[in-house]
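What follows is the residue order along each chain.
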Amino acid sequence: MRWKLLTGGGLATTAMLLAASPVLAQDGDVVVEEVDLYVRFGGTAADIAQTVILDNIFIFIAGVLVFFMQAGFALLASGLTRAKNSSNMMMKSLMDAALGVLVFALVGWGLAYPGGDGGAWFGFAGWGIPGLMDGLPDLAGATEDGFYPLSVSSDFFFQAAFAATAATIVAGAVAERTKFVAYLAYTVVITGFIYPVVVSWQWGGGWLAERGFVDFAGSGLVHLTGGIAALVGAALIGPRIGKFGADGKPRAIPGHSIPLAMTGVFILFIGFFGFNPGSALQADMSVPVIAVLTLFAACAGALGALVSSWALLKKPDTSMAGNGLLAGLVAICAGVGSMDVVPAIITGFVAGLIVVPAVLLIERVLKVDDPVGAVSVHAVSGLVGLIAVGIFVDEASIGTQLLGAGAIIVFVGITSGILFGILKAVGILRVSAEQEIEGLDVSEHGAPGYGPDMLTPAAATA
Amino acid sequence: MQLITAVIKPHQLDAVKEGLKSIGVAGITISEVKGFGRQGGHTETYRGAEYAVEFIPKVKVEVLAAPEDTTKVTDAITAAAATGKIGDGKIWVTPVSEVIRIRTGESGTDAI
Numbered sequence: 001m002r003w004k005l006l007t008g009g010g011l012a013t014t015a016m017l018l019a020a021s022p023v024l025a026q027d028g029d030v031v032v033e034e035v036d037l038y039v040r041f042g043g044t045a046a047d048i049a050q051t052v053i054l055d056n057i058f059i060f061i062a063g064v065l066v067f068f069m070q071a072g073f074a075l076l077a078s079g080l081t082r083a084k085n086s087s088n089m090m091m092k093s094l095m096d097a098a099l100g101v102l103v104f105a106l107v108g109w110g111l112a113y114p115g116g117d118g119g120a121w122f123g124f125a126g127w128g129i130p131g132l133m134d135g136l137p138d139l140a141g142a143t144e145d146g147f148y149p150l151s152v153s154s155d156f157f158f159q160a161a162f163a164a165t166a167a168t169i170v171a172g173a174v175a176e177r178t179k180f181v182a183y184l185a186y187t188v189v190i191t192g193f194i195y196p197v198v199v200s201w202q203w204g205g206g207w208l209a210e211r212g213f214v215d216f217a218g219s220g221l222v223h224l225t226g227g228i229a230a231l232v233g234a235a236l237i238g239p240r241i242g243k244f245g246a247d248g249k250p251r252a253i254p255g256h257s258i259p260l261a262m263t264g265v266f267i268l269f270i271g272f273f274g275f276n277p278g279s280a281l282q283a284d285m286s287v288p289v290i291a292v293l294t295l296f297a298a299c300a301g302a303l304g305a306l307v308s309s310w311a312l313l314k315k316p317d318t319s320m321a322g323n324g325l326l327a328g329l330v331a332i333c334a335g336v337g338s339m340d341v342v343p344a345i346i347t348g349f350v351a352g353l354i355v356v357p358a359v360l361l362i363e364r365v366l367k368v369d370d371p372v373g374a375v376s377v378h379a380v381s382g383l384v385g386l387i388a389v390g391i392f393v394d395e396a397s398i399g400t401q402l403l404g405a406g407a408i409i410v411f412v413g414i415t416s417g418i419l420f421g422i423l424k425a426v427g428i429l430r431v432s433a434e435q436e437i438e439g440l441d442v443s444e445h446g447a448p449g450y451g452p453d454m455l456t457p458a459a460a461t462a
Numbered sequence: 001m002q003l004i005t006a007v008i009k010p011h012q013l014d015a016v017k018e019g020l021k022s023i024g025v026a027g028i029t030i031s032e033v034k035g036f037g038r039q040g041g042h043t044e045t046y047r048g049a050e051y052a053v054e055f056i057p058k059v060k061v062e063v064l065a066a067p068e069d070t071t072k073v074t075d076a077i078t079a080a081a082a083t084g085k086i087g088d089g090k091i092w093v094t095p096v097s098e099v100i101r102i103r104t105g106e107s108g109t110d111a112i
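The listed protein sequences derive, respectively, from chains A and B.
Heads up, the first sequence is in the working numbering, so the first residue is 1 and it goes up one at a time.
Heads up, the second sequence is in the working numbering, so the first residue is 1 and it goes up one at a time.
Don't take every hint at face value.
[Unchecked claim] Below, in silico cross-link-like pairs of lysine-lysine (DSS-like), each with a Cα-Cα straight-line distance of 27 Å or less:
id	chain 1	residue 1	chain 2	residue 2
1	A	Lys-243	B	Lys-60
2	B	Lys-21	A	Lys-243
3	B	Lys-34	A	Lys-84
4	A	Lys-84	B	Lys-60
Hint data in this document are derived by calculation from the structure and do not stem from the laboratory.
Between the sequences and the hints, there should be enough to build the whole structure, so can you do that?
So, in structure tokens, the structure goes:
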């Protein structure tokens, strides 16, 4: 059994009948017979199959958009760090997707969707992905409530993109000082254990799902998980050389390309239109509504960060506004399946408003060096999103939302703490001071991301 | 008047700047330069093929000083720029015939 819970009902019931049969009226115009908008399936078996195929192809396209977010994360993190680490940043985003997808397939899937009676804390359905090569799902019972239209392959494609997203959140927070091999080890553990176990609690039908926890597209399951791992990782690795002065005051280490970073933000903006509407898990008329709520929250988030950066930093800071847009997107994930318009805008705006002081607090008070603001954008905004659902959605309880958030924070905090602690104890977590000063591009990958224009004698005389 | 020119490791710049400020130096000029000395270059690897990086990035620091302050300045740079490893750089001193502050027209040691 694999599902994401569509709660709040309002959207689910607007699902449309797709199999209305056109008939020719007397005057030759094509008219559509009156249809029942509240029934998704109807008509012949072939009509039903068409609806199910449409669902599957829709999820495929949404999954492509979510995978595209890897490009956004890579550009955002690379742009907000120094040129000498640009190749390393791109490489981390590439490899956490490449390695993460295969590890998630091998073991993560079985942990995320353990089957059984549900309500569990932990379960394992076995290695690999049973039924991956099957085509259309069994259409028996397709017209009944709760029918799950996705084939295993559609489902895996979409969920694997989410696993890669959860993994890559950490890359920016630990940027410019982490050994590449340590990052690979981290990728295996988060996509093969930490993220799937958290997912099983809700989308795998576990204990949170049973208690009525609401997290439609993953403010908690994806972003809070990635954000907490990012916080623990950045804290245990320690700040970059020169980040904090002798007096303990943070110093700016400007990124090497705001245009690259903001291009990354725009790509993530687009990617979220796969992330949130795709989480409807079927092609119904909730999709465009979710898309608009996502859009509103993103815009409100950028506006919120604009206001708070202007107030706190005296200038409308470009990358902070970018962080604010992402904060709005992250925060709306949880409630986008059941919220109304105004609450969605408020949620996005508050997340954007908070992200700027969160960045300052993490840097100035916690003394944690997070070069791209990953902890603020993903952990803090994820939390804002979960709480907003508790406030604005009648069916949700704020207590359950906080319980879920707390459980994610504790579980991810402990497991990622053990992971990064072991890597640190073994001595493979952080590069040497010389390597860090030289830059990870050359010391870890052999050549700089922005290579020299070679003017060798051979080239000059050619 | 003397012009003290130092070529140092880029990451020692902060320490050198602080060292010079602490002995009362009022201004310095820096530029990013490349070159080779005894350190030589090194090789990097791009898609399996090696290439030589023969010129290493350095920072050039230029300081004007009155003759009696010259040793104080070179000592401060030496203390701050030294890591003990190859590639720490060099300092040289050249005589300067005139210095003029543009804003006020002051000249000589008054302009330093």
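Tested hints:
Of the pairs offered as hints, the one joining A/Lys-243 and B/Lys-60 holds, with about 24 Å between alpha carbons and a cut-off of 27 Å not exceeded. Distance restraint check for B/Lys-21 and A/Lys-243: the Cα-Cα separation of roughly 21 Å lies within the 27 Å cut-off, and the hinted pair is therefore satisfied. A C-alpha spacing of about 16 Å is found between B/Lys-34 and A/Lys-84, which places the hinted pair at or below 27 Å, so the restraint holds. Taken as a hint, the A/Lys-84 and B/Lys-60 pair is honoured in the structure, with Cα atoms around 20 Å apart against an allowance of 27 Å.
Figure legend: structure checked against the earlier numbered hints; every hint is met.
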